[in-house]
Structure formats: C-alpha cells, structure tokens
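Student: Top line first, the protein sequences correspond to chains A and B.
Counting in UniProt numbering, the first sequence runs from 1 upward without gaps.
Counting in UniProt numbering, the second sequence runs from 1 upward without gaps.
It is worth saying that the hints were derived from the structure and are not from the lab.
C-beta atoms are modelled at their ideal positions from N, C-alpha and C, and glycine is treated no differently.
Honestly, I wouldn't trust all of these hints.
As the list claims (entries may be wrong) - Over the 12 Å line for every Cβ pair with chain B, so calculated as not near, a few chain A residues: (1) 39; (2) 63; (3) 93; (4) 98.
Unchecked claim - As a list, the in silico DSSO-like pairs of lysine-lysine whose alpha-carbon atoms are at most 30 Å apart: (5) A/56 - B/42; (6) B/291 - B/281; (7) B/299 - A/56; (8) B/76 - B/217; (9) A/103 - B/82; (10) B/263 - B/177; (11) A/56 - B/347; (12) B/291 - A/103; (13) A/56 - B/291; (14) B/82 - B/170.
Unchecked claim - Just a few of them, taken from the derived set where beta-carbon distance is under 10 Å, the chain A residues facing chain B: (15) 47; (16) 48; (17) 50; (18) 53; (19) 54; (20) 62; (21) 64; (22) 65; (23) 71; (24) 86; (25) 123; (26) 124; (27) 126; (28) 128.
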Amino acid sequence: MSNVPSNLKYAASHEWVLKNADGTVTVGISDHAQEALGDLVFVELPEVGAHYDAEKEIAVVESVKAAADVYAPIAGTVTEVNQAAVDAPESVNADAYAAWLFKMTPDNIADVDALLDAAAYQAVADAA
Amino acid sequence: MLKQTVLNAAHRALGARMVDFGGWDMPVNYGSQIEEHHAVRKDCGMFDVSHMCPVDLVGADCRPFLSRLVANDVAKLTVSGKALYAAMLNEAGGVIDDLIIYFLTDTRFRLVVNAGTADKDLAWMQAKAAEWKMDVSITQRRDGAGNLAIIAVQGPNARAKVWQVLPQVKAASEGLKPFFAAEVDQYFIASTGYTGEDGYEIMLPAGEAEAVWNALKAAGVAPCGLGARDTLRLEAGMNLYGQDMDETVSPLDAGLAWTVAMKDARDFVGKAALTVNGQQKQFLGLILLDKGVLRGHQKVVTAHGDGEITSGSFSPTLQQSIALARLPLGVAIGDQVEVDIRGKLLKARVTKPVFARNGKAVI
C-alpha cells in the first residue's frame with residue numbers, strides 16, 4: 001500500500017503538488033509512481049524560466065526497466081529544480097515526498113485546488 | 001486470463017510486483033531490482049523460469065532431425081549431458097527461436113525453448129519431423145501431466161546453496177563444467193544460465209517446485225525477478241528473443257554467427273538464405289558517455305550510417321547505461337557514435353557486446 005499524504009494535492013498522472021507560502025508550488029512524483037517504476041537511475045528536469053501548460057511533458061524519470069514522462073500538473077513557470085534528485089535518482093525511491101523535482105509559479109493558483117485530494121488520488125492509484 | 005507457473009502463489013507471498021510477460025503472470029521484482037542484480041553477481045539469486053518450455057525428443061532419428069532443424073551442429077555433442085546453444089531458422093534465414101539442446105543419449109535429447117514462442121516452435125518441429133519422415137517423438141513438458149518447473153539458481157555461491165538444499169544431486173552435479181547437465185531421478189541439473197554467472201538451472205517435477213523454492217529462500221538465496229534477469233543477461237551480452245532478434249533477423253546480424261555452423265556440407269533450414277545474404281550488420285555493445293538511459297529502438301547515428309539499439313538499460317555493475325545494437329558494417333569497437341534519445345543526440349562509445357561476467361566488469 002503506497003503512502004498518500006493528506007496535506008498534498010495530486011494529478012491523475014501521479015504527480016504531487018504542495019502549495020508554498022511564497023505563492024509557488026513544489027512538484028514531485030507520488031510514492032505509488034516510484035514504486036511502480038522501480039529503482040530510478042535517471043532524472044531529467046526542465047529549464048528554470050520555462051513555461052508549461054497543464055498536462056504537458058515537463059520532466060522524465062527513468063528506472064532500470066522503463067522511462068516515464070512527468071507532466072505539469074497545472075500551468076505555470078518553472079522557478080527552481082532539485083539538482084539533488086538529478087544527482088541521486090534513488091532518493092526519489094527512498095522518499096518520493098522529500099525528493100521533490102521542481103517548483104513552479106502557477107498561472108492561476110486556484111488550479112491547485114482543482115487537483116485530486118489524497119482520497120481521490122488513492123482511488124486512482126488503487127485502480128492502476 | 002494470464003497463465004501462471006506453479007510458483008505464482010510463492011511469488012505473491014514474497015510481495016512480488018507481478019507483470020504480464022508474454023501472457024504469463026510473472027514477478028518483475030520483489031523489492032529493489034538493482035539489489036537482486038547485485039545478489040546474483042556477488043552471492044546467489046534464484047529465478048522462476050517455469051514459463052520456459054522443456055521439450056523432450058525421443059527416437060532413432062533425434063540426431064539427423066536436429067542436424068537439419070537448427071543452425072548450430074549437434075555433431076558437436078559427443079559427451080552425454082553436453083548442452084548446445086542454437087538458433088532455429090526459417091527458410092528465409094530468420095530466427096524462429098533460440099534454444100538450448102541437451103544431449104542425453106542418441107535416442108533422447110531435451111530442448112528448452114522460449115515461453116512466448118513455444119507453441120509455434122512445437123508446431124514447426126512437428127511439421128518438419130513429418131515432412132522429413134523422421135522417427136522422433138516431440139513432447140512438451142511445461143503444461144499438463146508430467147510437467148516440469150524450472151528454477152535458475154545463479155551466482156558465485158549458487159552451487160553450494162543448491163547442494164545444501166538438494167544434497168542428493170551433489171555427487172552428479174559437482175563435476176559439471178559449464179554447459180552440461182546431469183539427471184538425478186526426476187531432477188535435471190544443468191550448468192547453464194542467462195546471467196553470466198556460475199550456477200544451475202534445475203528442472204524438476206512441478207509439484208515439488210514450491211518446497212524447493214522455499215528451501216532455497218530459507219538457505220539465503222535471494223528471489224530475483226525478470227527485471228534483474230534482463231539486466232544480468234544484457235551485461236553478459238546474451239541475446240533476448242523478440243528484442244535482439246526475431247523471424248525477420250538473420251543470426252549473422254544478431255551476433256549469433258558463432259552458433260551458425262556454415263562451413264561443412266551439412267544442410268539446415270535457412271542455410272541457403274544465409275549463404276546468399278551474408279552478414280549485413282554488426283551486433284555490438286554501446287556505453288552511454290552522456291547522462292541518460294539507452295533503450296531498445298533508439299536510433300544510433302554513426303559515420304557509416306544509422307543503426308538501432310535492440311536492448312538497452314542501466315547497468316548496475318558499471319553504473320552506466322549500456323546497450324546491444326545492430327550497427328552498419330564499418331563501425332569499429334572504440335568508435336564514438338550518437339544515440340537519439342527524445343530528440344537529443346547523446347554520445348556513446350562502441351564496445352564488444354559483453355559488459356560484465358563472473359562478478360566483474362569486463363569492459
């Protein structure tokens with residue numbers, strides 16, 4: 001059973017989103033996603049300053065067995081990326097909620113509220 | 001409805017992540033695939049490969065039948081128990097399957113064929129036996145009454161662990177050189193494998209498999225899934241059917257020329273096509289120099305034209321991405337080439353198609 005913290009919001013494409021006090025959001029992949037992928041060996045993150053529409057491919061995570069796209073959970077502009085996750089992809093397996101991937105300034109912060117809550121995402125993960 | 005091996009419940013009890021592998025419900029890993037990989041290189045791991053299909057040949061014409069059926073030459077099999085790796089070709093010289101042939105007596109051989117190809121292989125063999133009017137009975141041993149399970153125990157400590165759990169097979173199996181087999185009652189102990197490590201592939205009555213599996217687990221043998229099996233065979237430079245070759249690919253273009261006995265007068269299915277077509281591509285290794293992961297079907301850009309990766313992944317032993325690739329003639333080991341990964345051209349170096357064996361990098 002994967003870990004789905006209740007203080008986060010989620011996209012059905014398995015990203016988690018945390019609202020920060022400074023108006024940005026932090027994004028990573030869910031525990032369910034890291035578990036399904038298995039041992040991660042490569043992380044590719046977006047350029048700081050780039051703008052992405054919601055549901056666009058924004059990053060790539062690759063495990064020993066497969067490559068998976070990470071999608072922008074909401075529209076926004078990348079403000080920071082987590083180089084530590086690039087340097088140690090296994091940190092995402094160890095704790096998918098500590099090893100964030102990137103931060104964005106949302107086009108519209110209300111988009112975050114429209115994402116799935118923990119219970120709704122748990123249902124998505126259970127059906128996958 | 002996915003097919004299950006007799007060990008399905010044992011895998012689930014161990015918390016395996018199960019996947020559809022060519023219609024079979026098989027464990028891809030039990031936890032960390034990379035740890036399972038290292039267990040085999042450094043100690044001992046075990047794989048359920050009961051989805052693969054043993055096929056028994058019995059009859060006066062076993063040798064002449066196999067001599068025409070496969071591209072390698074069973075005349076090399078002179079000592080009882082010796083095994084031979086061979087490709088079974090179609091008339092166009094494409095690979096129907098790759099298989100291991102165990103020589104037991106002149107009237108009894110055992111083959112092991114791939115899971116996903118077993119049905120077509122059996123149909124092909126039956127048709128050829130009838131066409132050539134050979135005295136040979138062909139019996140699959142995977143499904144139904146009398147079926148066998150296969151447990152591969154691999155790694156530097158594999159032999160000792162097997163003897164600990166199955167002391168009755170020690171005397172017959174301890175002297176086995178690589179690529180031999182010994183029979184002890186209903187147990188068939190083969191010093192073959194798909195990892196580049198020492199060890200045994202054990203065929204045994206399906207009803208006894210779960211008890212042996214659990215005893216091996218209790219003896220400290222790490223259960224390993226098909227994920228680790230794939231990275232181990234990739235590091236060892238062993239081909240995977242359906243990925244590195246198939247019915248449209250000549251064994252000469254898939255790095256299997258060493259298994260094709262062309263020189264003597266013996267005829268075999270596909271020989272005429274191989275003679276006409278010759279070798280058109282080289283099968284070589286790649287090590288990625290930039291960061292990323294090589295995968296099957298990625299394009300390889302070389303000074304001699306484009307090639308294609310057939311298998312790629314991350315090598316836990318080398319801590320770098322590696323691949324097997326079909327490249328144009330003219331490319332040489334040591335050349336730097338580029339691989340198209342999601343539209344970016346990343347640098348890779350051409351290597352021999354073998355990366356790690358017996359616990360060590362060989363590149």
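Student: Given the hint that residue 299 of chain B pairs with residue 56 of chain A, test it: the Cα-Cα distance must not exceed 30 Å.
Tutor: holds, 25 Å
Student: Can you confirm whether the C-alpha distance between residue 291 of chain B and residue 281 of chain B stays at or below 30 Å?
Tutor: Distance of about 27 Å is within 30 Å: holds.
Student: For the restraint on residue 123 of chain A, tell me whether the closest CB of chain B is nearer than 10 Å.
Tutor: violated, 20 Å
Student: Would you check whether the claim that residue 98 of chain A is not at the interface survives, using Cβ distances to chain B and the 12 Å cut-off?
Tutor: About 18 Å separates residue 98 of chain A from the closest Cβ of chain B, which puts it past 12 Å; holds.
Student: Would you check whether residue 128 of chain A satisfies its interface hint, that is, whether its CB is within less than 10 Å of any CB in chain B?
Tutor: Violated, about 12 Å.
Student: Is the Cα-Cα distance between residue 76 of chain B and residue 217 of chain B 30 Å or less?
Tutor: Given that 30 Å is the threshold and the Cα spacing comes to 37 Å, the pair is violated.
Student: Does residue 50 of chain A hold up as a contact with chain B if the rule is Cβ-Cβ below 10 Å?
Tutor: violated, 16 Å
Student: Can the restraint linking residue 56 of chain A and residue 347 of chain B be considered satisfied, given a maximum Cα separation of 30 Å?
Tutor: holds, 27 Å
Student: Assess, step by step, whether the Cα of residue 56 of chain A is no farther than 30 Å from the Cα of residue 291 of chain B, and give holds or violated.
Tutor: holds, 23 Å
Student: Is the straight-line distance between the alpha-carbon of residue 263 of chain B and that of residue 177 of chain B 30 Å or less?
Tutor: Holds - the C-alpha atoms of residue 177 of chain B and residue 263 of chain B are around 27 Å apart, at most 30 Å.
Student: Hey, does the residue 124 of chain A contact hint survive, CB to chain B under 10 Å?
Tutor: Violated, because the Cβ-Cβ distance from residue 124 of chain A to chain B comes to roughly 18 Å (cut-off 10 Å).
Student: Holds or violated: is the Cβ of residue 64 of chain A closer than 10 Å to a Cβ in chain B?
Tutor: holds, 5 Å
In terms of the numbered hints stated before, the structure departs from hints 1, 2, 3, 5, 8, 9, 15, 16, 17, 18, 19, 23, 25, 26, 27, 28, listed from lowest to highest.
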